[in-house]
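Join the two chains, each given in its own frame, into one complex according to the hints.
Chains as they are written, first to last, in our numbering: chain A, 7 to 366; chain B, 2 to 282.
No false leads were mixed into what you were given.
Between beta-carbon pairs, the in silico distance windows are:
1. W252(B) to D178(A): 46 to 56 Å
2. A333(A) to S107(B): 46 to 56 Å
3. A154(A) to L225(B): 49 to 59 Å
4. D115(A) to G279(B): 12 to 22 Å
Hints were generated in silico from the structure; no laboratory data involved.
Yeah, the Cβ is synthetic: ideal placement off N, Cα and C, and Gly gets one too.
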Amino acid sequence: MTAAPHDGTGERLVDPGPGAGRAVSPDLDAPAMDASGGVAVEVADLVKRYPKAPVDSLAGVSFRVRRGEVFGFLGPNGAGKTTTIGILTTRIRPTGGRALVAGVDVVADPVGARRRLGVVPQINNLDRSLSVRQNLLFHASYHGVPAAVRNQRADALLEQFGLGDRHNGRPDDFSGGQIQRMMIARALMHSPAVLFLDEPSTGLDPAARLFLWEKVAELKASGTTVVITTHDMDEAAALSDRVAIIDHGTLLALDTPEALVKGMTGERTLDCTVESGPGASATAIGERLAALAGVIQSDLLDDPSGAGWRFRIFVEGEAAAFVAPVAQAISTSGGKLLDVRLGEPNLEDVFIHLTGRALR
Amino acid sequence: MTVIAEEPAAGAVPGPMDELPKWGPWMTGLAILRRDLFVTGREFPVFLAQVILQPLFLLFVFGKVLTELGYARPGYEQVLFPGLVALAAVLTGLQSTALPLVIEFSYSNEIEDRLLAPLPTGAVAVEKVVFAAMRACVAAAVMFPVGVWILGSIPWQASTGPAVVAMIVLGSLIGAAMGLILGTYVPPNRISVTLTLAITPLIFTGSSQYPWPSLGTLRWFQVLSALNPMTYVSEGLRGLMAPEVPHIQTWICFVVAVGSLTILMAIGMIGFNRRAMGEFG
Chain A
7 MTAAPHDGTG ERLVDPGPGA GRAVSPDLDA PAMDASGGVA VEVADLVKRY PKAPVDSLAG
67 VSFRVRRGEV FGFLGPNGAG KTTTIGILTT RIRPTGGRAL VAGVDVVADP VGARRRLGVV
127 PQINNLDRSL SVRQNLLFHA SYHGVPAAVR NQRADALLEQ FGLGDRHNGR PDDFSGGQIQ
187 RMMIARALMH SPAVLFLDEP STGLDPAARL FLWEKVAELK ASGTTVVITT HDMDEAAALS
247 DRVAIIDHGT LLALDTPEAL VKGMTGERTL DCTVESGPGA SATAIGERLA ALAGVIQSDL
307 LDDPSGAGWR FRIFVEGEAA AFVAPVAQAI STSGGKLLDV RLGEPNLEDV FIHLTGRALR
Chain B
2 MTVIAEEPAA GAVPGPMDEL PKWGPWMTGL AILRRDLFVT GREFPVFLAQ VILQPLFLLF
62 VFGKVLTELG YARPGYEQVL FPGLVALAAV LTGLQSTALP LVIEFSYSNE IEDRLLAPLP
122 TGAVAVEKVV FAAMRACVAA AVMFPVGVWI LGSIPWQAST GPAVVAMIVL GSLIGAAMGL
182 ILGTYVPPNR ISVTLTLAIT PLIFTGSSQY PWPSLGTLRW FQVLSALNPM TYVSEGLRGL
242 MAPEVPHIQT WICFVVAVGS LTILMAIGMI GFNRRAMGEF G
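Just chain B, with the same shape it has in the complex (with noise of 0.2 Å):
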């Protein structure tokens, strides 16, 4: 076949660049993240409605339904609800790694085309985290509107605004770290099982429905609450919500909030680099 320097004969298919492209590993990454984000966009009120429908149900029949009987005391609304807000950011961003991560892995193979895209392995683990958090901050953010609808006002400082944004930003950040060690550690056939008995004890130990110092009476509860990353993220945002309920102080808060995330994210990491590297089994 004879090749015609300058112009490429119609219809054949093109050869490789002379030069590459002027280039950085970030831009793949935000490239990648791109990508989540219009998936994402195009599916957004389905995205809604599957992060808010649990918080939105657990606020009405604790916060409303409860105290409206007379079952709960007036102001449990006060304890309950920046735990909700806790909860759903840690939630959404556990169910927004675990799952996909299982599936990308195991049946549509599809993370392959990102781990040879040309940035390092981990840096994809980190954009998944990244934008998974992203998504759960969406979710918490969406509870403040859906709060003030359901009890007609919720607990907000302004004075303590941009902390409670740090906090959120850390629960989301906590629970994609969580799903980054499921979603890479727990072989596909067990993940759903695994989800069932992980997210359950994760929602009622993370100090989300009750104040974590009240529980002196129950202490081998009080101690299983403390082991629970999420009970800081609670505890922090009613310090800074709602500072007359009782709460763990919120500079601990912070500091034992950091220091779990940097713990998940190393475990998560190495769980996801071997799983990259096809050195699981």
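With the rest of the complex left out, here is chain A (with noise of 0.2 Å):
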């Protein structure tokens, strides 16, 4: 992997890595931190290779938080996004590299560290013995908060994540939606300066996600740095200020949502539904599309909907001229289409684009 400096503060430049195959634009990594804001999580060339495995699961990551931001983790399952918040979280021991969260390194203090950050978990792991109340309450004693304190905030929270009413209740009665809501009121007892949210909405329902979203609004607004894995395209746009995208252990880009998509100025997509007609190959249409004059790329995606094929093409310039070339291509292929869209890119094609394939 190549790494050119990106200015004066070490700044690495985002290299597409070997899997995505196009190059990226050059200037998708963070600037440097406003000498103000300062620096919430900082990791450098973060390397995890787990035993026994053929690959690195973290091939070398380096990015930054600004403090006070919502940051966005996007890929695929298995992409290292976990992984990655681990090693933050002071929960997996990095191969390599280094990580700061507000300041503390998590290798060399790993106590320091979680004094200062939260973590939502995916999966619940509240307290089963415990009322939701008293896991709040609990929680804060771990991390040394005075009781005065912990009662009064624990009030507070239940009262904001609507719990209030049912704080008696055991964890095992409640719903999925509350089950996360007590994680997170939980892991803000100790107001941590770093506030992680492992595929937070995973699982709820939309009146859940929409609440969530609100906290983490809410959440910046009262200057906690949040960092959150998702593999939702719109989760990620709606919340986060900058998005990393990673796959394969490599971050492929980092940037506001509105800058990655600007990123694919001047194209548009189409999105062909195919069918297979005797003698076709998905292989062998993609390539033809491909090789159309004016098509930038053209991806097979993951989840083929009903019987037939689907493709994702960007171009350069109008999509609706491109229409009956594509048919024609995708004929004389053996194909026959049967469905086209025409688009703005998105977030999700900028993932595509730099990836290749569909997130799910």
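In structure tokens:
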């Protein structure tokens, strides 16, 4: 992996990695931190290889999160998101590189780091022997929050997270959305400088998801740095100030959602559903589509809905002008164009663009 | 969103504190211990029933029934009682760490919140062992009134009281350390069968029902029993409580007990750290 210096601060340019195949616009990395803002999370050349694993789960990832920022980590399952969060939250030991949370080295001083970070895990790890309120109070006592403060704080958080009237219930009696609210409230009991949310909206109904988004916005307003992992494009776009796209343990891009999409200016997309005919192959069709003049890239999406193949074609200029040549190319390859949709690129397209595949 | 400097808006999520509260890792350790005591305290009668039942029946059948029927010699209860106190300590210690650890690491994930608490990972294991040993000491202590009730009298000398307490604490810690090993090295899907396979030999090779020096004619069993750390707890208590019964010398018992505790803890801590950092399998 090549890394060219980006500016005087030692920020690294993000290389798309061998898997991406296409060049990324050169200015995807974060600009240097402004002097007043400060850095909440700093990761440099982070490498993780699990015992007996044939490849690195993290292959030298570097980025910075500004204080007070909502930072989205976007990638498919197994991309390295959870490993990165695991290292930052002191639960996984890195093979190499450096990681600081709120200025504390997570390897050299994991105890110090734990005092400054909060974690909302993917799976329910609430204390089932304790009531909701007791979960909050004991968590705070583990973190040395004085008794008077933790009582006050627990009441306030229970209220804000809509759990006030059921604070004596046991975690087992609550729904998924409520469990998650409890875990967020618990993580906030020791007022962490950085809050990590791992796949927070997995399995939530739309109302619970909106509630979560609201709370993340409030956290940001309160000055808490939020690092959030997700494989949900809408969530990443809606919540994050900046988004890091990660795949195969490599950081592919890092910028604001708007800038990432804007990086694809002049490009339009065609979503085609193709019915396979005799002797037709998806690879052959894809190659023929990619070879058309003005076509930048053609991707076969991972999830064929129904019988046909789905291609997303990125084109330069007016998308409508490509409908005829695309239909022509498909039929000469033995396929039949069933449906075509024209679109503007969104965050998902950026991802497909970089990785050559859909998220799910 | 505008934020007013002094008063945070009502209903808004509180932000990070400017200054961390005064704190030391020992405070976290004590807070975790307090949580465990709180939960156990709430279920104290259930806990007592759990730990008393087995030794109570052993004491009744072997100490009372068999002696009354004449199958066991009078005075057998002198041999049996200290051994059952040792058994209660070691076994309760083991059971208070092994299964809870397996459950917390794999099914409930409850341990996660404690591993994310600001104290060294190893200290979480130490807390588990200390708490389990506290339960084990209670179980051993309860044996005394139960013994008086069933047997009428129990072997006891006031002069060796403090040494008896020390040996019970050691036995409790040894059991808890064994549980730490089982709870961290054994995969969750095998813990049930492993516990069955481990506990039965542990109970019956720990010299709790027989004095170890009298095993001269069963040499192989004597050697086997000598490998069980519980033997030294049983023999130590026997020497202290009923010195007229043949027993291994008390100082040897203390030395071997402390030695095995050190080794068991070291192995258990390695297992715990590896499990906590997700480096198993």
